[in-house]
Amino acid sequence: MFRKRLPPEEERKVKANDREYNEKFQYASNCIVTSKYNIITFLPVNLFEQFQEVANTYFLFLLILQLIPQISSLSWFTTIVPLALVLSITAVKDATDDYFRHKSDNQVNNRDFNLLLQNEKWMNVRVGDIIKLENNQFVAADVLLLSTSEPHGLCYIETAELDGETNMKVRQSISVTAELCDPNHLASFDGEVMCEPPNNKLDRFCGTLYWREKKYPLTNQNMLLRGCVLRNTEACYGLVIFAGPDTKLMQNSGRTKFKRTSIDRLMNTLVLWIFGFLVCMGGILAVGNAIWEKEVGFLFQSFLPWDPPVDNFLFSAFLSFWSYVIILNTVVPISLYVSVEVIRLGHSYFINWDQQMFCSQCNTAAEARTTTLNEELGQVEYIFSDKTGTLTQNIMTFNKCSINGQSYGMLNFTPLNPLADPNFCFYDEKLLESVKVGDPHTHEFFRLLSLCHTVMIVSSVCTGELVYKAQSPDEGALVTAARNFGFVFRSRTPGTITTTEMGQTVTYSLLAILDFNNIRKRMSVIVRNPEGRIRLYCKGADTVLVERLQPCNQELINGLRTLALAYRDLSEEEWEAWSESHRFADKATDCREDRLAATYDKIEQEMLLLGATAIEDKLQEGVPETIALLSLANIKIWVLTGDKQETAVNIGYSCKMLTDDMTEVFIISGHTVQSVRHELRSVFFKCRFSQISCVKYTLEHQRTYILEIKSQKCTLDWNMEEEFLSTACACKAVICCRVTPLQKAQVVELIKKHKKAVTLAVGDGANDVSMIKSAHIGVGISGQEGIQAVLASDYSFAQFRFLQRLLLVHGRWSYLRMCRFLCYFFYKNFAFTMVHFWFGFFCGFSAQTVYDQFFITLYNIVYTSLPVLAMGMFDQDVPDQRSLEYPKLYEPGQLNLLFNKREFFICITQGIYTSVVLFFVPYAVLSDATQSNGVPLADYQSFAVTTATALVIVVSVQIALDTGFWTVFNHVFVWGSLGSFFTIMFALHSQTLFRNLPNQFHFVGSAQNTLLQPVVWLTIALATAICIVPVLAFRFLKLDLKPQLSDTVRKPNMGGVWRGTGSVSEGRLGARGGSRRSGYAFAHQEGFGELITSGKNMRLSKASLAGRGSQLVPEHPTEQDLPPLLGKQAMSSRWINPICLLSTTSLHASLERGKDCSKQTVNFICPVSLS
Amino acid sequence: MGKEKSKSGPLARRPDNSAFKQQRLPAWTPMLTASTVLPSFYLLALICMLLGVWLLLTVQNTQEMKVDYTEAGSCNLCFEMRKNVSNAGQKCTCMIMFSIEKAFKGDVFIYYGLRNFHQNLRRYMDSRDDGQMLGRKSNLKSPSSYCKPFDVDEKGVPIAPCGAVANSMFNDSFILTYYTINGPTVVPLLRKGLTWYTDKNVKYRNPKMDNLTLPEVFEGTTRPPYWQKPVYQLDPFDPNNNGFINDDLLVWMREAAFPNFKKLYGFLYRANKPFTKGLPAGNYSVAISYNFPVQYFKGRKEVVLTTVSWFGGQNHFLPIAYLVTSGLILLTAVVLTVVWWKFGKDGKNMAD
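Just so you know, the protein sequences line up as chains A and B, in that order. All residue numbers for the first sequence refer to our numbering, where the first residue is 50 and numbers rise by one. All residue numbers for the second sequence refer to our numbering, where the first residue is 1383 and numbers rise by one.
Derived by calculation from the structure, the hints in this document are not laboratory data. Watch out, some of these pointers could steer you wrong.
In silico DSS-like pairs for lysine-lysine, Cα to Cα no more than 25 Å straight-line [unchecked claim]: (1) B:Lys1724 to A:Lys1087; (2) A:Lys343 to B:Lys1465; (3) A:Lys1087 to A:Lys937; (4) B:Lys1724 to A:Lys1091; (5) B:Lys1523 to B:Lys1582; (6) B:Lys1680 to A:Lys343; (7) A:Lys651 to A:Lys570; (8) B:Lys1487 to B:Lys1448; (9) A:Lys170 to A:Lys85; (10) A:Lys343 to B:Lys1530; (11) A:Lys152 to A:Lys142; (12) A:Lys85 to A:Lys152; (13) A:Lys801 to A:Lys937; (14) A:Lys308 to A:Lys1087; (15) A:Lys343 to A:Lys73; (16) A:Lys142 to B:Lys1403; (17) A:Lys142 to A:Lys85; (18) A:Lys73 to A:Lys170.
Covered stretches of chain B (in silico footprint by chain A; criterion: 3 or more residues with CB under 8 Å from a CB of chain A, positions within the stretch not fixed) [unchecked claim]: (19) 1395–1401; (20) 1429–1437; (21) 1539–1553; (22) 1564–1574; (23) 1577–1588; (24) 1638–1647; (25) 1672–1681.
These figures come from a predicted structure and were not determined experimentally. Don't be surprised by glycine CBs; every beta carbon is placed ideally from N, CA and C.
Bound conformation, chain A alone (with noise of 0.2 Å):
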């Protein structure tokens, strides 16, 4: 972290195999480091920044203020104590995570890797090394690709850990470079590179190669970045560009913000007025020192003259300020910061803990990933959810079709055919029926899908298995389907496809791939079949499809909104005649894509239709339960997708936002700002209207809102918040489509600006990550999608439904815990600290404690620790399945109930009752009280032992009275601090003690004669009966006449009679019958086309691959069009997934699931992507 400052560079230049060169420039090396500390370093700079914060320093400030003998009304060690052990459990926890750093650090750095003859260590790459990379390697710098072992200079990453996308991508080098594949040329290249200074954008590279006196332009296409993985490619070499902390990885691992609670900042606040406070009563307790000072002091003066520096009252009475701010320091405790952090830990290990968290299908438990925010968990108002991974399974299913006006359904299936894929399940006898009899209809239905595709096959050499690599996880799912249905898509080349047809071995020629994309929402192949038949199949959005069927054929899609397949017959004659002006214009140069549009449309056209096919994205397990019970718990929902407004209803609906009682539903779409300003406005005025009109109509009214996103950009560009908000949150659910990432995380940050509201944002992929970092909780779902989301989240875990668990059940046990706490601590540092005060009206304002030096060292650290943290930690009020059952419980949390200004006042009156009762009781017992033996118990010691052992005793009471758990932990730490504060007495009262140090152990023998006599046990009992009886009292009329859910719940005969009210009412869950309602979703972007019929990413040697055994057959996509991820919607790039990826289990499940729904709802429906 001291690196040298250089001024930014401007440029990079790079002359590759030139060290001597580079060194000039004093790039990074490859050595990463993000440790914070080494060993010397770690104590000076751990305490410097732990000094940052301002209570440290106050305490800091505190023990110095001690040292001055004029003003030091306590021990050193009263202070330095805590503050050392505050600081020391900080330094521990510091010093654990660096060394956890060090250890990952030092693992990365030594990474063997080949410096193209020689191995080298990852940390001794240096800018300008030319390295060997070879198949399933890390990239270990962000390096120029020069040349591959594959055809063209292509080769594969996988980029998981960069950006979260488990597919696979190409990569390939400049031309020029491609034939360098021989080590000693390598050696001997010169090139030099000048390119952009180091930077995190990951989609984007800018530079130019001067090589023979040529300059080449590089892209991001030419780049390996750190971080991926090499795939399918033997090996590669490359430049080093950038290098360690410079790479794209590292500069992008830019530190999150840091989050904090609102009972964080409000916790700040707090402590800032007990400041105030605190110099108040120094102020005060001054005053009275300066008159205390001036009418009698000063004629006391013969027993005790003023200490030489103080010459006047007033001076008297500012040393006596000072003096008072030391000793009453301790209502702004030191141990509160680093108990809360504590128990905030021990929180964060109960959600890791938690086996009902705990995806048994992905072997995923829980993550606390941030260990400060458990408590917000626990007052969140809005969530803001993605859809497709969170909600849903993103895990494609072939559901429904229709064939010739015939539909087929959902039933039972066995495979009929030895290739089929055994995790599939779908089926219909008929359909099988009608498979196996050779209805023409149904055979072509299938051939088309097993043709009409730009699936990729990964079969495994050695077991000959079928893997499947789409585009699309739809995609995958109809070839899938085809497949089990006996049209299994075997292999391709450029130019044919191969298929086995009910267990036939037929190969197509392929002519041409009509690719998908936007625009066309449609995709077309053309093939010739053995029989010299050329035929157009077609698959597309049925909105799309209608218009280009024959006239008489459009009635045949019934029911399935969905995707539509079709097909047309060609003649040798329009195919020669087409493919003439197809060629004209792939080549043309300008306008290339709008010209292919043109010809593509042109032939798809008077086709016929085969059928309609449903895919169904899943919702997961649980998730209409989830968002009833959330909804039910006054959280409102917001999805917030990326994908068009008919899949986001449906979807709404499916999941049980959006349920048929909901009157309204509004939906705001205009294009324009005034349409959009007006459609709000109209939305606003009607909410506004049915509310005044007639609030019991109201009270049934459920509206929802959906805004699609031409519209939001509208609302959020032009200075619409305020309408959109009112109307938004008037509703009570909200949908947003076609939302980019930066939108989704504007809309957050303006529930965050306006509402003031705790937001939570829920999401699985990478176009999350801005909207999970920008809320106050970020929350990862581990899904299909990479793990980028996880990495910006505060809490993850592998499904949605443990949303209602970590909300419901931790975040509300993590928050009554925390505000219980809170008050707690507040309560007993007022009533210990406040006792000085009211001695000081006693002893002349002169700074004299009441209580022995060590016990005010040891109180907050020892003595009232552990119960309080043993509260913070275990309590609960209520049993986690009562807090599901009534989400109710949840609403405390939202208002802030249970910790705010209020309570803290009341908490510090008690404190201050307390103390007040704790110094008059013992003070007129006392004063005039003796032994049974004679002898006078007011002397001050006696007085001291009685006022601790009565605070003691007294807070321990309340902390009984506060718990309302009781585990084993709590006895224990109750008992214990009780035991150990008569123990520790005794032991600092001992004569041993005294004897080595009398000056400080100055007490002997105190406890015993103090704690022997009656008197002082009856003034303690007295004191504790007039502390705790008045908040017995008030507790029992509070629970009598205002009784909190909570309390009504904990009562174990009372749950049945409750249980209407509050409960999630099962009507609601399953009300939705009748409405059939079907969606279809498409992944927004170009498939493998063009890579396909050009041919470029079939292997040459694939004979000489296939005799070294178990290599992978690269068969892979590639993505030149990729769209850069982070940005724009990257929404479904991701989504190269086997099909296989389904488990059995998670079918089986499912299975039994859509037994069981069967009527509820007809699910999702999602139709094949035409990427």
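Position chain B against the provided structure of chain A, taking the given hints into account.
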């Protein structure tokens, strides 16, 4: 926590199913219900009442008598005389008459009381050296700096015992006389055993003697400036009550917590008649050797005679406080019962 688990398989990372980790520890969940709170309130009220009555009865049996002698009777002269510091060396005695209406039965304790004397000032309380009074030779000759300005005299001779506490030691003495028909009888007082056992035997020790006499041990030190005699002459007759372990000194060194306090002076020696049963009723006088000046700080001095019960001297506050508390708890209990009965939502009105 974070332990490497040896398990493998699909459930390898499943958290342990322990009651602790799943937050299912068996627990006692007490609740405030009418059936627990109300009876305990009544019970508490009853207990407090019984305690209060018992204490009150006990206190009724004790007696106390306070005689303020600051400027009463002939002490007026002494009071005037002590106003002038230059007369500090002069002796002054005075006498106060008082009568006891009802005999003090049992052990009778005689205290001196001071009002408005702040033994609880921070710097005052710090101004002592417990090491010195523990008999440490090193501290004897070089007292702690806390004792300033009473650590050494003008000549630099260390003061023993040092500090403001010792220096300000109360030094009036009393002779109590009982006037019988046969004439005055001096009331015999025991002036030993006035302190905690630990003070006398642990906390305060004379420096090691090694066959030296006490004055020799204290050689090289001087008396505190306000004292009339050195520490080793506090009780020249009893070596166990001299020097740093003198009872009067110990009593004074145990600082009072509040500005008005009383300290034990002695107790009645009950071996001989007529004092075997305590102090009989009648006329008494107390002859005071009036040394301690209080007029500087507007203080008062008094002599206090008390008898004690099992819980100490006469103390009206405790029984009354108990009775009042009992009453208040009872009142609260009644109010709570009424509220619970009339308005409570607890149990009866669940249907609402």
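Violations among the numbered hints: 14, 15, 22
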